[in-house]
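Engineer: Chain residues, written in single-letter form:
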Amino acid sequence: MPVDIRARVLSNAHLSPDYNVLSLAAPEIAATCQPGQFVMVKPGRGTDPLLRRPFSVFEVLRDTAGVPTGITILSKRIGVTTNLLHQAAEGDLIDCLGPLGQPFALVDPPAEAWMVAGGVGLAPFATVLEALNAKGTPATLFYGARSAADLFYLDWFRDRGARLALATEDGSVGDKGRITIPLERELTAATGKAVTLYACGPEPMLEAVSNLATRYGRRCEVSVERIMGCGMGGCYSCVVPLKDGKGGHHFVRSCINGPVFDGAEIVWE
Amino acid sequence: MPVDIRARVLSNAHLSPDYNVLSLAAPEIAATCQPGQFVMVKPGRGTDPLLRRPFSVFEVLRDTAGVPTGITILSKRIGVTTNLLHQAAEGDLIDCLGPLGQPFALVDPPAEAWMVAGGVGLAPFATVLEALNAKGTPATLFYGARSAADLFYLDWFRDRGARLALATEDGSVGDKGRITIPLERELTAATGKAVTLYACGPEPMLEAVSNLATRYGRRCEVSVERIMGCGMGGCYSCVVPLKDGKGGHHFVRSCINGPVFDGAEIVWE
Amino acid sequence: MGVTTPDLSVQIGSLRLANPLIAASGCFGYGLEYASTIDLRTLGGFVTKGLFMTEREGHPPERIVETPSGMINAIGLQGIGVHRFINERLPEIRKTGATTIVNICGTSIDEYAEVARALSQAEGVAALELNISCPNIKEGGIQFGCHLGGTFDVVSAVRKATHLPIIPKLTPNVTDPASFAKASEDAGADAVSLVNTFLALAIDIETRKPAISNGMGGLSGPAIRPIAVRMTYECAKAVKIPVIGMGGIASARDVLEFLIAGAAAVQVGTANFVDPFIWSKLLAGLTDYLTRHQIARVADLVGTVDFSKH
Amino acid sequence: MGVTTPDLSVQIGSLRLANPLIAASGCFGYGLEYASTIDLRTLGGFVTKGLFMTEREGHPPERIVETPSGMINAIGLQGIGVHRFINERLPEIRKTGATTIVNICGTSIDEYAEVARALSQAEGVAALELNISCPNIKEGGIQFGCHLGGTFDVVSAVRKATHLPIIPKLTPNVTDPASFAKASEDAGADAVSLVNTFLALAIDIETRKPAISNGMGGLSGPAIRPIAVRMTYECAKAVKIPVIGMGGIASARDVLEFLIAGAAAVQVGTANFVDPFIWSKLLAGLTDYLTRHQIARVADLVGTVDFSKH
Ligand SMILES: Cc1cc2nc3c(=O)[nH]c(=O)nc-3n(C[C@H](O)[C@H](O)[C@H](O)COP(=O)(O)OP(=O)(O)OC[C@H]3O[C@@H](n4cnc5c(N)ncnc54)[C@H](O)[C@@H]3O)c2cc1C
Ligand SMILES: Cc1cc2nc3c(=O)[nH]c(=O)nc-3n(C[C@H](O)[C@H](O)[C@H](O)COP(=O)(O)OP(=O)(O)OC[C@H]3O[C@@H](n4cnc5c(N)ncnc54)[C@H](O)[C@@H]3O)c2cc1C
Ligand SMILES: Cc1cc2nc3c(=O)[nH]c(=O)nc-3n(C[C@H](O)[C@H](O)[C@H](O)COP(=O)(O)O)c2cc1C
Ligand SMILES: Cc1cc2nc3c(=O)[nH]c(=O)nc-3n(C[C@H](O)[C@H](O)[C@H](O)COP(=O)(O)O)c2cc1C
Ligand code: FES
Ligand code: FES
Chain A
1 MPVDIRARVL SNAHLSPDYN VLSLAAPEIA ATCQPGQFVM VKPGRGTDPL LRRPFSVFEV
61 LRDTAGVPTG ITILSKRIGV TTNLLHQAAE GDLIDCLGPL GQPFALVDPP AEAWMVAGGV
121 GLAPFATVLE ALNAKGTPAT LFYGARSAAD LFYLDWFRDR GARLALATED GSVGDKGRIT
181 IPLERELTAA TGKAVTLYAC GPEPMLEAVS NLATRYGRRC EVSVERIMGC GMGGCYSCVV
241 PLKDGKGGHH FVRSCINGPV FDGAEIVWE
Chain B
1001 MPVDIRARVL SNAHLSPDYN VLSLAAPEIA ATCQPGQFVM VKPGRGTDPL LRRPFSVFEV
1061 LRDTAGVPTG ITILSKRIGV TTNLLHQAAE GDLIDCLGPL GQPFALVDPP AEAWMVAGGV
1121 GLAPFATVLE ALNAKGTPAT LFYGARSAAD LFYLDWFRDR GARLALATED GSVGDKGRIT
1181 IPLERELTAA TGKAVTLYAC GPEPMLEAVS NLATRYGRRC EVSVERIMGC GMGGCYSCVV
1241 PLKDGKGGHH FVRSCINGPV FDGAEIVWE
Chain C
2001 MGVTTPDLSV QIGSLRLANP LIAASGCFGY GLEYASTIDL RTLGGFVTKG LFMTEREGHP
2061 PERIVETPSG MINAIGLQGI GVHRFINERL PEIRKTGATT IVNICGTSID EYAEVARALS
2121 QAEGVAALEL NISCPNIKEG GIQFGCHLGG TFDVVSAVRK ATHLPIIPKL TPNVTDPASF
2181 AKASEDAGAD AVSLVNTFLA LAIDIETRKP AISNGMGGLS GPAIRPIAVR MTYECAKAVK
2241 IPVIGMGGIA SARDVLEFLI AGAAAVQVGT ANFVDPFIWS KLLAGLTDYL TRHQIARVAD
2301 LVGTVDFSKH
Chain D
3001 MGVTTPDLSV QIGSLRLANP LIAASGCFGY GLEYASTIDL RTLGGFVTKG LFMTEREGHP
3061 PERIVETPSG MINAIGLQGI GVHRFINERL PEIRKTGATT IVNICGTSID EYAEVARALS
3121 QAEGVAALEL NISCPNIKEG GIQFGCHLGG TFDVVSAVRK ATHLPIIPKL TPNVTDPASF
3181 AKASEDAGAD AVSLVNTFLA LAIDIETRKP AISNGMGGLS GPAIRPIAVR MTYECAKAVK
3241 IPVIGMGGIA SARDVLEFLI AGAAAVQVGT ANFVDPFIWS KLLAGLTDYL TRHQIARVAD
3301 LVGTVDFSKH
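Same order as they appear, the protein sequences are chains A, B, C and D. Residue numbers for the first sequence, in the working numbering: 1 to 269. Residue numbers for the second sequence, in the working numbering: 1001 to 1269. Residue numbers for the third sequence, in the working numbering: 2001 to 2310. Residue numbers for the fourth sequence, in the working numbering: 3001 to 3310.
By construction, these hints were calculated from the structure, which means they are not laboratory data. Here a beta-carbon is modelled for each residue, glycine too, at the ideal position from N, C-alpha and C. Warning: the hint list may mix true and false statements.
Claimed, not checked - Sample of chain B residues lacking proximity to chain A, with all beta carbon distances greater than 12 Å (derived): (1) Leu1010; (2) Ala1025; (3) Leu1050; (4) Asn1083.
Said to hold, decoys possible - Dumping the calculated DSS-like pairs for lysine-lysine here, alpha-carbon to alpha-carbon at most 27 Å: (5) C/Lys2240 x D/Lys3209; (6) B/Lys1076 x D/Lys3209; (7) C/Lys2281 x D/Lys3209; (8) D/Lys3209 x C/Lys2209; (9) D/Lys3160 x C/Lys2209; (10) A/Lys193 x A/Lys135; (11) C/Lys2182 x C/Lys2095; (12) C/Lys2182 x D/Lys3209; (13) C/Lys2209 x D/Lys3182; (14) D/Lys3209 x D/Lys3160; (15) C/Lys2209 x D/Lys3237; (16) A/Lys243 x D/Lys3237; (17) C/Lys2209 x A/Lys76; (18) A/Lys246 x D/Lys3309; (19) C/Lys2237 x D/Lys3209; (20) D/Lys3240 x D/Lys3160; (21) D/Lys3182 x D/Lys3095; (22) B/Lys1135 x B/Lys1076.
To be verified - Taking CB as the label site, the calculated pair distances span: (23) A/Gly136 x C/Arg2084: 41 to 47 Å; (24) C/Gly2285 x A/Gly79: 45 to 51 Å; (25) D/Arg3094 x A/Gly79: 42 to 48 Å; (26) B/Pro1202 x C/Ala2284: 28 to 34 Å.
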């Protein structure tokens, strides 16, 4: 059951001119949120901007006793709200509604979990990795970005036991090109292993990953990014076309039925 | 010629839960502004609030060499903009258009200047006093407010040689009641002296002061407070009815023809 | 002062609402979406998303875009159709104890009447709101809502088809909404509601395409409130039946503004997206105002705007 | 890339403007108020506050109130009348080198024609904008602007009275602004401009009186932009004469949105209050966009909105 918290900004770490990680005091959200869920965020008062914006829960913050105290958000600047999040200062108050949406369904060992992140699509995978670690499920992070400078938290994931496979468009780190290059290579090699894919990133990437998964007979859950007006199922803005079994599609609200879907269910446009 | 400065907040001193003094870096405005002029202010980006709001220049800030570096604003919280000004933090940027409007016409000695301030109507009189001191004109500040806790900067005015006459509605300091009580007493006693009145405060106070001045044969300049859309003469929202000499009135824009008017010219409603 | 708790209840035709706060159509799903976060019985009522006889797919995304203090939507009335609604949703809605107003649509006068008949036989429908004002679909709706004769005919037909209170929902995209309120009253409506959204267009200057897939859409949110208040005032002056006002309500102040302008009750749409917990805040603010002003019943406030010069 | 500076000039009837940016009527005084802060020749032009034959007092304050992303005004067309304008202001305005469009009003068709004749004899008037859409005065204006026949008659009468380009300014408070654009074209207008303000009401809930003295007023500012863009698009589709678009423009993006929707030029009102130095920013943004997109002339962008589905 989502709650609305006027969350205090605990810190704002700038990772690059466009990326930042905002730590928010929100124990009630931290306590119940599951990997892949999101929050609807509104920085600042008033009507500009008017609507909240969706952000994945990046990390769950805990005190020394392990009690959840807050969450972090990994934000990439693209417009008015993400600009305000970039500029937020310690002590600012940010309205935070959540946790919302359906989480990833994570596999148990001995199956392996392969996380596939494109750019800011990294966001859901910190909590995913923690949950995988709790299960003991082996985890790999495929992570692609424009260039080495746009890959964040590599040590964080490495330190927590994730195997990393990187790709950059300029080839500055890992494979040169799309993340599907190392992914396909490893899918080809991984015959016999039980592997489930979890993907988050730009829609063309999700489509490519999902198609690869189908081709190699793997289940692939994708977290889609649609413009959301409410996050609660109220506005019908966030719909995704799912296969209706008759060769057509029906529109399903990604805020309450997603954002995580079985990639094979989606009608890619 | 007014300029528009994105002024940095140098400090924000809270005088009470409702009053604050904001110091703004705005050398270009400080350099040319005259006592009684105002600035149109917009804190924060975006359309909420949309329009700028008018504020008297309270103090002119100067560096050790006496070069003007900025201005301060004395603000009383009554709505959205004044709330934002109350909360402003060092380093915030505030759009500041000015200086605007017609200043007070200050008398030369041996004439005396009596400033009459009601509440936040104190704002123009700091710069007025400095200009009077530069001329050597003897100055008195009549200053009324709800109670002692709402009278600010008394030492500031005293230290700069102003004689003070106070009134509070609850009688906690000075005369109990309106500022017109000490004012009328002194007007009665001041026969023979050349005295000009300068008043700023709520409209009923301006009317009462202006009427007293007429009764005692004194010139009285009042600074009126009208809702202003632009501060530049563009919108015609800020009009004041002035006598047209034929028993009627015509509306005059207080942003460019005022905010300072001869009280005897105004048709009080 | 001896003031007792103010009476918040309002009368809309034969329907008594616990308070004047209604969740607007298309902004509250089928109600159930919000049943886990708020107690639906604390609302005066809620209006379902618009329903045709049959299922509708709606428009492809993007379906909304934010604009200054507002948003444009062209959902295209995605909906499950009246039969699935009655069979799959209504039983659950009944359990919440909510006062349920169903927003009905049609591509023809017959469809409106048919939908109304189907819903009249179902249990748990408190009233019907007639959507004759959706700017987002070509067939139906607006073609009735922008012509006085069309409005009269649809309302008359639905009046014959149902005993339920009927509330035509008026479009703001006309010169004189009050004449449409009057036509609705003449045709037997129990109340009218307004405003639906303003036909609007936003263009992505980089692609030079409309920002939403349907091209045009409907503008809602605080931006439109001053126009909606004006129209609510005009309609309330023109008819004797209750007027349900809406458009940009986002605070108790706004609720009060509509009531004072002449609205017997209000609906809240876009603001529920921004704050799904707004309802208790609106109720508290309303109660506080009435208490402070010693107004015993919310009905005593309705239409008390004073237009005499200052 | 070999792109030269884009050509910003636009043609409105026989009138060539240096660029498509015009300061809107009632938001720029008589121009002189801004002559000390900006070089008026850098604007495409400016429109004066509305002028009747004789002086007008306007409404008593309060005359404006802020609303979400907008403002309501009821100035009541305070003005110095056409003769004082010609004698006392026009000589000074001529010295600024500004392209001056005069906004004219009337309480009768004859008055419009009379004002037009007087101004046609004066030197330094580039065009006449016919205010048939002011929501803030009872007599005149809107009575012509809300009826197709009235619009046609006023425009025809003024057409006979002057050789100057005439630009009827349309109201958004009608069902179909495009039909009024068409009526204007048929009556001989050289262009149309829109939108004037939306009739609106804000109420002070503590006093229960309208927030401005006149009661209702006109809504302007970014809030109305999505509706104004839609109407501009509709009118541009309906007529061959140029359409001058306005309503809530506050950035170069907004200027471009109107141009792409079909406006041959734009006017900026409320945003000039917020930022009297906005003009150079709009020009820079416009030039930058055209250069970046390698569009040689601003005219090539006009009406290029692409409504094909995504
Ligand atoms: C479930 C979910 C989880 C998300 N998690 C994150 C996250 O963890 N970190 C993060 O940085 N972002 C995340 N996003 C995307 C984020 O919501 C958008 O970046 C944000 O809404 C942009 O808001 P803005 O006000 O900054 O931009 P705006 O000013 O609203 O928009 C700027 C431009 O971006 C486009 N745009 C707006 N929203 C989106 C969107 N959702 N997808 C693509 N384009 C868009 C607009 O059309 C416009 O052209 C997530 C989105 C969803 C649906
Ligand atoms: C020339 C001039 C100089 C001024 N100098 C100062 C100053 O030095 N310090 C200071 O604190 N204030 C000053 N004011 C008043 C100040 O402009 C208003 O307090 C401010 O505009 C309120 O803005 P807001 O957004 O906080 O309130 P809003 O949210 O806009 O309004 C809140 C309420 O106050 C009313 N209101 C708004 N503006 C005024 C006004 N000008 N007069 C009376 N009621 C109003 C509104 O109608 C509304 O009911 C001055 C005004 C003028 C015209
Ligand atoms: C996303 C969205 C969907 C809507 N769907 C409907 C609908 O199905 N039927 C209807 O009558 N009105 C619909 N409306 C209009 C609202 O009920 C309401 O009339 C309008 O939004 C103005 O109120 P607001 O400003 O409080 O949102 C919709 C509005 C929005 C924003
Ligand atoms: C204070 C004010 C006064 C106005 N006066 C006039 C006027 O005299 N004549 C006229 O045709 N339009 C007048 N208008 C309307 C504007 O010219 C313009 O059509 C409208 O404000 C929409 O543009 P905007 O949103 O950029 O302000 C006035 C608008 C405002 C805000
Ligand atoms: S975001 Fe509103 S229904 Fe999904
Ligand atoms: S404030 Fe706009 S004319 Fe004075």
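Engineer: Please name the hints from earlier in the document that this structure breaks, with their numbers sorted from lowest to highest.
Structural biologist: 3, 4, 8, 9, 11, 14, 16, 21, 22, 24
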